[in-house]
Structure formats: structure tokens, C-alpha cells
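> Numbering (full-length UniProt numbering), first residue to last: 1 to 237.
Don't take each hint at face value.
Stated by the list, open to error - No farther apart than 30 Å at their CA atoms in a straight line, the calculated lysine-lysine pairs in the DSS-like style are these: (1) K64 <-> K127; (2) K51 <-> K216; (3) K69 <-> K176.
Because the hints were derived from the structure by calculation, they are not lab data.
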Amino acid sequence: MKKIVIFLIIFQLMGCAELQQVVNQLPQGGTLGNAEIALGLKEALNMGIEKQVSKLTLKDGFYKNELVKILLPEELKKVDNTLRNIGLGNLADEGLKVLNRAAEDAVSEATPIFVEAIKGITFNDAKNILLGSNNAATNYLQQGTETKLYEKFNPIIKNSFEKVGADKIWENLITKYNNIPLTNDVNPNLTDYVTQEALDGVFTMVEIEEKAIRTKISSRTTDILKKVFAFQDQGRQ
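Input sequences plus hints: build the corresponding full structure.
Shown next, in the form of C-alpha cells:
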């Protein structure tokens with residue numbers, strides 16, 4: 001009787017549409033199987049690609065995003081500083097920009113690779129991942145796919161270097177630096193460096209969307225997201 005009274009009070013305080021929205025987001029049957037939870041986790045990761053990683057493919061998607069902007073590796077910071085000290089600051093700026101341009105172009109080309117990685121991942125313990133931290137699914141994806149993604153992504157980065165002219169700009173930069181008296185020659189592998197930095201940027205953006213879905217009901221825009229992450233909400237109580 002007490003439960004009925006409470007329900008009637010809630011019904012009076014909420015409109016029918018609002019009440020139905022709440023009911024729709026409650027898990028049916030009180031529990032979910034591993035397969036259904038895994039489907040919801042994959043959906044969340046796919047949303048990260050669709051809504052967040054897509055931003056990286058735009059002009060300045062890396063360069064003007066402080067969360068993922070690719071900076072110079074330690075061995076090249078001395079190159080940057082030296083060139084600026086001798087009046088070649090514009091060339092140094094362009095060198096940094098084209099690293100990010102290459103990443104933006106490569107992520108655009110490689111988006112299907114990331115989607116396939118999500119399709120192929122197996123969540124052996126989906127419930128614990130669902131009830132884990134706000135980036136648990138992204139971490140699981142990264143641990144399970146990063147090596148293979150790197151191997152597929154690296155040649156795309158290399159092609160993007162050539163496409164945006166980064167290879168020529170950095171050849172010019174390094175040649176100028178190596179010709180300066182009293183400096184030690186450098187010959188960094190920028191393709192490998194940018195590959196890893198770009199991959200880290202992709203996972204960072206996927207993580208942003210995962211956190212939004214876990215913490216904001218309004219970000220759960222599909223039926224499976226609503227169902228699975230309502231189960232998460234109950235499990236965390």
C-alpha cells in the first residue's frame with residue numbers, strides 16, 4: 001500500500017510523458033546479460049567516434065584542441081628553440097602546425113579502422129567494465145587494439161605527411177638546424193611519433209563521449225544506451 005501511495009504522489013508531480021521517459025530508462029527484468037551490456041558499450045564507443053573523433057578530422061582539429069594538440073618531442077625542442085633564436089620562428093611554427101595537419105588528415109582516412117576495431121572487440125567481462133570508471137570501456141578498447149591500430153595507422157600517417165607537405169618542411173627544418181655550427185645532428189622518426197600522438201588523441205576524444213554517456217542521461221540517445229547505462233546507474237547506487 002505504501003508503494004502505491006508513493007507512486008501516485010510521483011504521478012501527480014510529473015506529467016505522463018515525463019513519467020514514461022523515466023520508466024523507459026529503467027532496465028527491464030532487473031538484470032542484463034553480458035552480450036547486451038557489450039552491445040551498449042560498443043554503442044558508446046561508436047558514439048565517441050561519431051561525435052568526438054570526427055572533430056579531429058577538421059582543420060585545426062588537433063592544432064587548436066589543447067587536449068590533443070601534438071607538441072614537439074623532447075629531442076626537437078632544442079631544434080625549435082635554436083631556430084627561433086636565429087630568426088626562423090615562422091619556420092618553426094609551420095613545422096609544428098604540419099605535424100598536426102598530418103594527424104588531422106590521417107584520422108579522416110583511418111576512421112573506418114577505428115570503427116572496425118570497436119566491432120571486433122570482445123568484452124569478456126562487460127558488467128565489470130560497465131560498472132567501472134568513467135573511461136573503463138575506452139581503456140579496454142585501447143589495451144586490446146592499440147598495437148594493431150598502430151600498425152594500420154602508421155602508413156596512413158606517412159602518406160599524410162607527404163600529402164600536407166610535412167616531410168619537406170621538416171627536412172628543411174632539420175637540415176637548417178644540422179648546418180648550424182656547434183649543434184649535434186638530429187634525425188628523428190616523426191612518422192612514428194605522430195602516429196602514437198594521433199592515436200592517443202583518438203582515444204582521448206572517445207573517452208570524452210564515454211564519460212558524457214555515463215554521467216548525463218541526455219547523452220544516451222539510443223534505446224540500447226538508455227537501457228544499459230540505466231543499469232549502470234542502479235549498480236553504482
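> Give a verdict on every hint.
Tested hints:
1. For the proposed pair K64 and K127, the alpha carbon gap of about 37 Å is over 30 Å, so the pair is violated.
2. Pair hint K51 plus K216 holds up; C-alpha atoms about 15 Å apart against a cutoff of 30 Å.
3. For the proposed pair K69 and K176, the alpha carbon gap of about 25 Å is at most 30 Å, so the pair holds.
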